[in-house]
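*Asks:* Heads up: the protein sequence lines correspond to chains A and B, in order. Numbering of the first sequence is given in my numbering, commencing with residue 3 and proceeding in unit increments. Numbering of the second sequence is given in my numbering, commencing with residue 10 and proceeding in unit increments.
Keep in mind that the hints were calculated from the coordinates and are not lab data. Check each hint, because a few of them may be wrong.
Sample of chain B residues at the chain A side, in silico, Cβ under 10 Å [as the list claims (entries may be wrong)]: (1) 144; (2) 147; (3) 149; (4) 162.
Just so it is clear, CB atoms sit at the ideal spot from N, CA and C, and this is done for glycine as well.
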Amino acid sequence: MSDEHDHTDLDALGTRLDKARQAPIDPTRVEKDNNNEKGNALSLAFRVGVELISAVAIGTAIGWGLDSWLDTRPWLMLVFIILGGAAGVMNVYRMASGFGYAVGYQKNNHDAGNNPKSGGDKRKTDIG
Amino acid sequence: MQIGDIDVSFTNSSAFMVACVLLVSTFLIFGMRRSALVPGRWQSVVELSYIFIANLLKDTVGSQGRPYFPFIFTVFMFVLFGNLLGMMPYGFTFTSHIVVTFTMALFVFLGVTVIAVAKHKMHFFSFFMPPGVPMYMAPLLIPIEIISYLSRPISLSVRLFANMLAGHTLMKVFAGFIIALGAAGVAPWAFVVALTGLEIVIAFLQAFVFTILTCLYLNDALHLH
Chain A
3 MSDEHDHTDL DALGTRLDKA RQAPIDPTRV EKDNNNEKGN ALSLAFRVGV
53 ELISAVAIGT AIGWGLDSWL DTRPWLMLVF IILGGAAGVM NVYRMASGFG
103 YAVGYQKNNH DAGNNPKSGG DKRKTDIG
Chain B
10 MQIGDIDVSF TNSSAFMVAC VLLVSTFLIF GMRRSALVPG RWQSVVELSY
60 IFIANLLKDT VGSQGRPYFP FIFTVFMFVL FGNLLGMMPY GFTFTSHIVV
110 TFTMALFVFL GVTVIAVAKH KMHFFSFFMP PGVPMYMAPL LIPIEIISYL
160 SRPISLSVRL FANMLAGHTL MKVFAGFIIA LGAAGVAPWA FVVALTGLEI
210 VIAFLQAFVF TILTCLYLND ALHLH
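The shape of chain A in the complex, shown without the other chains (with noise of 0.2 Å):
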């Protein structure tokens, strides 16, 4: 066995270890995707209900909180329930344009400083 030969064979074994360090070696990254698709849409319905009730249940607990204290029952309670509407729809608008869970307009927090025309967007909008 000459050393030239055990070069080769070292050569050969480091493009295959890098070409293995490139794949994707995440199992669970394939089963994740499987899921998106088949229970996007369902998932998808989900979180739009949750979003939407969630808003307007906060705006109203705050409405009711701020009646009770400040003695204008219901008249808050009735302007933050529409405000609650207002975030939840808000919130979906959000999600369905892909800005994600961001309070704010910038699609990626990382990327927005330095380009934000590339839209470079790593947040999955179509998880549970």
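Since chain A is already given, all that's left is putting chain B on it; use the hints.
*Replies:* Coordinates of chain B only, in the frame set by chain A:
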């Protein structure tokens, strides 16, 4: 059991949470006991779960999220084992209780808010007033943004709770039909078998979703826009 006005009974829920913590600790500590260079099956699973969460954190938060890895990993393992414990016969799913999930979501929310305020000081409150919005929109927009921010723990907890509750209730209702229907019980039985598989997938998926949402909130806190 009562301490002051607070009921502190050791409930089913508490028992299964303790069991969950013990199981996770056993799983991780004994899995890594030998910490061989070439891992065995058990050790591979432990390492895989570590790498999975580490990658998730790296992808969503970046390198700044590293100090929070232990917390994220704990949340993931706790929720995952809680979901899976509920799949055992006679098991109790503590994640199907809004009190439990909401408490977890509340702590995530408070922690993330404290991190954001500590890191950005007063600049944190620019969170509620996006740049480039005309001043006259502020009275309308700020309450909406605050409500939207406060609704996070609710949507985080309700998602986990509702998924676990709905799935497990459905399974138990259908399991009840098996005996009641006698010979025709084969149909609900087949359904329950299929549903068990689905529920296990959902157990993983919801633990993953809870974790990734925690990561996203953490990301917002660390890199304010």
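*Asks:* Each hint: holds or not?
*Replies:* Verification of the hints:
1. 144: It is violated, given that the least Cβ distance between residue 144(B) and chain A is near 16 Å, above 10 Å.
2. 147: violated (13 Å)
3. 149: holds (8 Å)
4. 162: Hint on residue 162(B): holds, closest Cβ of chain A at ~9 Å, below 10 Å.
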